[in-house]
Amino acid sequence: MSILRSLSFMAGSIVLAVAVTGCTSEEEPPTTPPAVVEDVPGSEAKSVTLRADAAEAVGIRTAAVARGDATGRLTIPYAAVVYYLDGSTWAYTETGSHTFQRAPITVASITGDVATLTAGPPVGTPVVVVGAPEVFGAELEIDGEQ
Amino acid sequence: MGEGLSGVRRRTLLPWRSIGESPSATESPDGTGGGGPRFGRLAIAAALGVLVFAGAQLGSAKVDFLPEFMPPSVQVQTEALGLSAAEVEQLVTVPLEQDLLNGVPWLDRIHSRSQPGLSAIDVVFEPGTDLYAARQMVQERLTQAHALPNVGSAPVMVEPLASTSRVSMIALSSRTTSLIDMSVLARWKVRPRLMGIAGVANVAVYGMRDRQLQIQADPATLSGKGVTLTQVIETAGNALWVSPLTFVEASTPGTGGFVEGRNQRLAVQHVLPITTADTLGQVTIEGTSPPLRLSDVTRVVEDHQPLIGDAVNSDPTLFLVVQKFPGADTAEVTRSVEEAMASLAPGLGGIRVDTSVYRPATYVESAKRTLGLTGGLALFVIVLASWALFRSWRAALVVGAAVTVTLAGTFTVLYLARVTLTTLTLSALLVAAVLTIAVATSNVDAVWAQARAQRLSPHRLPPNELIGRTLRHTSRDAAVGLLVGIVVLTPTLALGPSAMAFSRPLITAFALALGVGLVVSIGLTPALTHVLMREVPRAEVASGPMGPVAAALTRLVTRFTGSRVLTWSAAAALFVVVLTALPQLSSTSLVPTPRDLNVLLAVEAAPGTSLTEMNRLSALMSARLRAVDGVVSVGGHNGRAVTSDQLGDVNAGELWLTLDESADYAATRKAIDAVAHGYPGVGVDVLDYTQDRIQAATATAQHDLVVRVLGQDLPALQQTAEQVADRMSELSGVSAARVVPIATQPTVRVEVDLAAARRFGLRPGDVRREATTLVSGLTVGNLYEEAKVFDVVVLGTPSARANLSSLADVKIDTPSGTQVRLGDVAKVSVGPEPASIVHDQVMRSVDVVADVTGSDASAAVADVRSAVAGVPMPAEAHLQVLSSAVDRQSDARRVGLVGLGVIVVIILILQAATGGWRPAAALVLLALLGGAGSIAVAPLVGGMGTLGPLLGFLTTVLVTLFGGLASVRADGLRLALARTSAVDGSPTGTSGRARIDLTRERIVPVLRTAAITAPALVPAIAFGDRAGSEVFRPFAVTVVGGLVTSVLVVLLLVPTLCLAKEVDR
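Which chain is which? The protein sequence lines are A and B, in order.
Residue numbers for the first sequence follow the numbering used here, so the first one is 1 and each next one is one higher.
Residue numbers for the second sequence follow the numbering used here, so the first one is 147 and each next one is one higher.
Since the hints were derived computationally from the structure, they do not count as laboratory data.
Note that the structure is a prediction, hence the values are computed from the model and not measured.
Glycine included, each C-beta is placed from N, C-alpha and C at the ideal position.
Check before you lean on any hint, since a few could be wrong.
As the list claims (entries may be wrong) - Rough simulated footprint, nothing fancy, chain B against chain A, three-plus residues with beta-carbon under 8 angstroms:
no.	region
1	42–55
2	63–77
3	109–120
4	131–142
As the list claims (entries may be wrong) - Only part of the chain B face toward chain A is listed, based on derived beta-carbon distances under 10 angstroms:
no.	residue
5	770
6	820
7	821
8	950
Could you put the whole structure together from the sequences, leaning on the hints where they help?
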C-alpha cells in the first residue's frame, strides 16, 4: 500500500467517524399543544382554545344557562361554577368551537345541583359543566413543564 | 514433550521459591521446596473453593438496580384532617419545627411542607451520619410533642425507607364487597400481616375508608325537636365506654373490678350493647322530656371519613403500597409479600388480589436472566476462543480459570460483606473481566515466548524456574496495569456528595476486582501454568482467522515503523476523533436508566381541584392508556394515604402502567407520551420510578442560581422577591431571573364578626366548635369489636358541606336556645390561600431563580450578592444566595485537578515500570488514542454521555496501556540482554530493524487478546436491548470498536513513539 492510499483511507475513516459522532437525533415535528391561551382585549379573562381530541379526551360537556321558573332568576348547574383565586365566581362559556372564556357570575344560592344567579351570561349560553377544572388549569397555563 | 499431569507431583512449584531468590541460583529439578508444592496446591484448592462458593450463592445474592442514594434523613408526618395549609403551619408545623426539631444533632437541613391536612417535616442529616442514631435523637425530641394542640393525630416518624422504596403495589378490588368492608380487612388483617414481613418498612393504603358510625345532625331538625348539638355530642360520648372528649363523663371509663368470695374470685366484665348504627340510635338523649332517642333527631349511619386520596381502577379498589427498608432485597421481599397474600386469600372472600400492579422484582429477575445468559456465554466463548487461538486446551483453561476465579472471588467478597449488587458493581466487574483476559493471555504468551527463546540459548533453565521468572515479569506488568486502573477512577471520588452515592460503589467494586485479579495473576495463574503447561508449541504460527489479519498487520508494521510521517499523521487523526468526545462529556450522567416495564405518569391539575374531578379524569386517562398497544395494565392513586410517600394534595395523582415484555418498547413509550400530553390544563410527567426518586433527591439542584428570601409575611416576601428579580435581570452574567410563584388556591375564610356574635351571646370559639363539628365532624368515642377499633363521629348532614351557600346556612346554637345562621355571625368569603407552605430552615421562603450565562459562575454569584445587598428587607427577613452552578463548576474544577494529578501519578508509575520519562508519557498519550475506536462507535449506542460507553472507553485505554507497556518492557528486556552480550560499547537504542522484529513478535499476542475479547462480548450485543443490558450492551459495543484502534495503536504507533531510539555513533 502506498503512503497516499493509507493516508486517504485514514482521512476517510476520520471524516466518517466525525460525521457519525456529529449526527444528532431527529427533531420531532412540533404539534399544536392541547390548549392555546390567548388574551382578549378589554377583558381580564383569557380565551382558551382546546384541540378537538384534547376536548374529547377530557370529556368536555356543556349545558345552557336557564331561567328558573319560580324566581325568574338565571340558573346554571352547580358543576359549572368555578371559584377563582380571589373568590370571584365564574363560569366557562363556549364562545366558539372548543373555545372557552370565563364569564363572571354572581351566585345568590346553591341548592342541590342547581346554582341560582343574580347576574350571569344570557339565557341559552352554553357553559361547561363537565371538565371545567381542566379548562381552568389550561387558562392558568398548567402544562407538562412542571 | 511434557510430562503431563501424572508427573506433576514430583515437581516442585518453584516459581514461589524463585521469586525470592536470584535467577542465577541453581536449583535441582527434583528438589523439594519447603512450602512450595503446598502453596501452589493451596492456591488451586482455594480457587476451586471460591468457584464453588460463588456458584452456590449466586442465586441468593442481593440485587438491585441502583445503590442507596438518598442522604440520611428522617421524615415526620402529622395528619390533621380538615385543617387548611395555614392552620397546619400555625398549629402543627411551627411548634414541631421551631421548638423540637431545629437543633437536633448532626442536622444539615430542615425543610417542611404544610398543606391541607398534612404537615411533613424533612430533617436531613450530614452525609455519613448513622441513620439509626439520628432517628434516636429525633424520637427523643418527639416525645415532647404531647404539648401540641389536639387537632389531629400525633406526629409520626416515618419508617426508614430505601431510596427506591416501593417494592410492591397490591390492588384489592371487588364488585360485591363494599369499600368500607375491604378497608376493614385491609387495615386489621392484611396490613398487619404484610408489616410483619422481614424487610417491609411501611404499607400505605390508598383509598382507605375507615369504618365509622356517624351521627348526622341537621340543625333544623334539632331545633324543631328542641335539642341542641351539645346534647347530641354528650349523649353519644357517654353512651360509649371510652371517649377522647375531656368534658364528657366517658373520658374516665372505669374498670369492672372483681367479686371476691370465700372460694372463688370472679372478674366482672361489661359488654357494650352498642355495635351497630341501629343500637346506637336507640340511646336516649340527656335532658329531653319526653325522652327522645338519637335516631329520632339525627340520622345514625355507617359511613367513612372524608377522603384524603383514592385508588384509581376499573372496579372499586384499594391500593396497598409496600415499601422496604434500606438494604432489603427487592426480590426476597416481593416473594414474601406474594406468599403472604396467597396465604391470606382464603379469608378474603370475593375480593380479587392483584400483586402485579407494580412489581420491580420482575425487572430484577429478567435482568438477572439476561446477565446470566450473556455472562455465561461470554465466559464460554472466552474458553472456546482461547482454545482455537492458542491451539491448546491447557492455555484455554488457564485463561478461562483466571477470568472466572477473578469474578467469583470479587463476588464472594461482596457477598460476605453483604453488599447489594447493582448495575454499578456489574459495570466495574465488566471492566475488570476484560483486563483480566488481557493479563491472562499475556501471561500465557510470555511463558511460551520465553520457552521458545530458551530453546535457542545456551543456558537452559528448568521449566519451573522459567515459568517463575517469566511470570514475575508479567506480574509486574499486571500490577502496573491494575494499579493504573485503580488510579484512573479516583477523580470520581472528587465529585459532590450526591454523585458520590453512585461513584463510591463503582470504585469500591472496581478496586476490589482489580485487587482480586492481581492476586489471581500472582497466585493462581503461575500455579495453573506450572501444573498444566509443560509442552510448548514448536513455532508460533498465526492460526485460523488470525492468519490473514496478522499478515496484513505485518505489512502495516513494516510500513509504519519506517515512516515517522505515517505514524504522526495517524496519531493526529486519532487525536481528532478523541477530541469529538469532549463536548459529549458535559452532559454525562453516571446513573444508568433502567429499561423498566413499569412506567409512571405523575398527574397534577390546578390547585384546588376536587378529588371527584381527579377520579373522573384518572378514569378517562386509564381507559385511553389501556387501549394503547403494549400496555398490559393501568392502576393508580390520587391524593395521599396515611404515612405514604406522596405529599401532594388531592389535585395530584399517579398512574402506574405495566408494559408487555414482547412489545416494541420505544414505540409503546412514544404512544404513551402522545396520550399523556394530550390533556389540557393538567401537567403530566412520564417517567420511571427510579428517575422519579432521583429527581426527588436532586430537587435542590434544578436551577443554576437561587436567591431565597426568608421571612414571615408572605405578601411582603413576595414583594421583596419581585424587587430582587428586577435587580438581577439588570446583571449581565445572569438571565431569566423570575420569582417562583407560590401556588395558591381558593379557600373559604370564616371570620367571626365580634359585634354580631355578642348580640347572640356567642364567643368566636363557640362558633368555630359548632361549625367545625357540623362540617368536619367530631370524634366522640370508640367502639371495640372483635379486636378492631372504630370511631363514633358526630357531624352534620352531607348537604351542610355541599356548597358555599349551605355552609353559610349552617345553624349555630345560641345560649338563649335559638339558632343563628353562620353567615349572620361571621363573614364567609372565598380568598386565595397558599396551596402549601414551604419552610426552609424553619422560615417561610420565596425563591427567585435564574440561569447563569457564561463560564464563571462564582463571579456571577458575587455580582448577584452585591446587587441584592441593597434591597430593603421587611422585618424578620433575610436573603440567602445558593448556586448549584458554582457547586458544579467547583466540582468540575476539582475533578479536573485530580485528573491532572492522576495523569502525573500514572506517568510516574509507568516511568518506574519502563525506566524512562519519554516512553512513560508517550504510553499515556497513546493509550488515550487507543480509545478512539470506542468514541467513534459510541453514537451507535447513544453517545459518550452514559456509563457504559465511558467505561468501554476506559477499558480500551487500559488494554492499550497494558499492551503498549508489554511491548516497551519486551524491548527493554531485549536491550538489557543485548548490553550484557555486547562486545564493545553498548547499544543505546533500538535500531529500526530490531524494532520491526520486536513488533512482529508482538502481533500475534496482541491480536490474540483482542480476538478472544471481542467474540466474548458479541452475545451481549446480539441479545439486544433488554432489562439488564443497559450498561453491558453499550459497554460491549464500545469495547469491540475500541479494540480495533487499540490493536492498531499498540502495533503501529507504540514502536515508533515509545521505544528508545538508537543514537547514531
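Going through the hints against the structure:
1. A stretch counts as covered by a chain when three or more of its residues have a beta carbon under 8 angstroms from one of that chain; for the region 42–55 of chain A and chain B the count is 6, and the coverage holds.
2. Residues of the region 63–77 of chain A with a Cβ under 8 angstroms from some Cβ of chain B number 0, which does not satisfy the need for three, so the listed coverage is violated.
3. Counting residues of the region 109–120 of chain A whose beta carbon lies closer than 8 angstroms to any beta carbon of chain B gives 5, which meets the minimum of three for the stated coverage.
4. Counting residues of the region 131–142 of chain A whose C-beta lies closer than 8 angstroms to any C-beta of chain B gives 9; at least three are required, and the coverage claim holds.
5. Look at residue 770 of chain B: its Cβ gets to within about 7 angstroms of chain A, closer than 10 angstroms, so that hint holds up.
6. At about 9 angstroms, the closest approach between the beta carbon of residue 820 of chain B and any beta carbon in chain A falls short of 10 angstroms, and the interface hint on this residue holds.
7. Restraint check, residue 821 of chain B versus chain A: the minimum CB separation of about 8 angstroms is within 10 angstroms; hint holds.
8. With a least beta-carbon distance of about 7 angstroms to chain A, the hint placing residue 950 of chain B at the interface is held under the 10 angstroms criterion.
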